[in-house]
Each structure stands twice: as C-alpha cells, then as structure tokens.
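Participant: The lines below spell out each chain.
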Amino acid sequence: ETGVTQTPRHLVMGMTNKKSLKCEQHLGHNAMYWYKQSAKKPLELMFVYSLEERVENNSVPSRFSPECPNSSHLFLHLHTLQPEDSALYLCASSQGLGQNYEQYFGPGTRLTVT
Amino acid sequence: AQTVTQSQPEMSVQEAETVTLSCTYDTSESDYYLFWYKQPPSRQMILVIRQEAYKQQNATENRFSVNFQKAAKSFSLKISDSQLGDAAMYFCAYRIHNDMRFGAGTRLTVKP
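Protein chains in written order, with this note's numbering: chain V, 1063 to 1176; chain C, 8 to 119.
Hints listed in this document are in silico derivations from the structure and should not be mistaken for laboratory results. One or more of the hints may lead you astray.
Claimed, not checked - Below, in silico cross-link-like pairs of lysine-lysine (DSSO-like), each with a Cα-Cα straight-line distance of 27 Å or less:
(1) 80/C - 1102/V
(2) 118/C - 1080/V
(3) 118/C - 1098/V
(4) 1102/V - 62/C
(5) 1102/V - 118/C
(6) 80/C - 62/C
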C-alpha cells in the first residue's frame, strides 16, 4: 500500500538461529530505516541508511546486522537473538535524509524469539 | 534524553465528534519537525500531518489539525468530524537531523 514491502511477515526463531529480514521500496527513495516496535513502548530507531551508507546506528546490539546493497533494498540479519528481541520490526524509506521528508513504512515483520 | 510523551494510552470518540490527542516532547534543539502518524489495525503506518518547528502557523490537513505550542513543547492533534476509519494507533514523533523519536502511541476508538 505504501510502496514498501517486507518479508517475511511473521518469523519464529530460536536463540541459536540465523535469519534475515528483507525490506524493499518501490518509491525511488534514497534513505531507508529500521525500527523496532515493542508492545506499549515507543518505536525505536535502529539504523538509518542514505544512498546505501549507514549514517545512524542507535546503540543497537551487534546481534542485529543491517545491510543495504542498493537504495531499494535493506536487510536486517539476525543471529543469537534473545527473547526480549521479540517485536515488530518496521522498515521505512524517505526521499532523502532531510528532517521534513515523510517516511513511508512497510507492514513490518512480527518476530518471535523462542 | 530527548523524549516524546503521549499521556493518553487510549481515547474514545463518538462518530462525527471532535477529539484531541495530546503530545509533549523534550528537546533542546530549535530546528526540528514534528509528525503525527496513524497505524490502523494490521495496516501500515501512514503520515497524518507534519509541522516545522520554525513555523508558527498550525498545520492543517482536511479534518486533521494541530495545536503547536513551541514554548510549552506541546503538539496536540485534533480530529474533527471523526469517522470510523479514524480508529487506529496514533503516534507523535519529532525528527532532529537523522534522529527520529516516537511516543508510545494513543489508541483511538471511534464509536458509531
């Protein structure tokens, strides 16, 4: 609906697994973002990419590893996660990095760590 | 720490009535943008309205308007003539440079 797609929509993984979340935007945007949305907590900005370069890393544990191979795709590689990492992971994109740019969000990946 | 506070976890409004959602924020910066996003159940988050901190005039988008009080660091959202489709989680947010901060959200219920 917003031009940002995420796969998978749901993911259950054990603490020793390695998985990846994928985000794709069809809007020709230059900036992409990963957010974590936990129940009853504010959205937390995790990573910001602009033109495939990481420009922001908000003290995210190293068990989360982002990758941006081109301006249309963003990945979040997961390994040795903890149960508290269970959350909705949202991807977003914007035309540029400017403060005024609207962010377009994907539907999210519901992650459960068992 | 820079934070955004939405003091109303849940709000309810009668269809066709008006409701105001509260938001306060804390920052020492003077140049920033404020946003209200809407997240309908099981649907993607979308922008409702935005406000540049340097503009004194309150932003309006059809039935949605804001009351921006910069000195008080307050940014409330008013929804007029509420419709059933307005039912959603509403998030207040501000952006300073590359940092985007969100509130915990207000769940709005619209009663027919």
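Participant: Hints numbered earlier in the text: which of these fail when held up against the supplied structure?
Facilitator: 2, 3, 4
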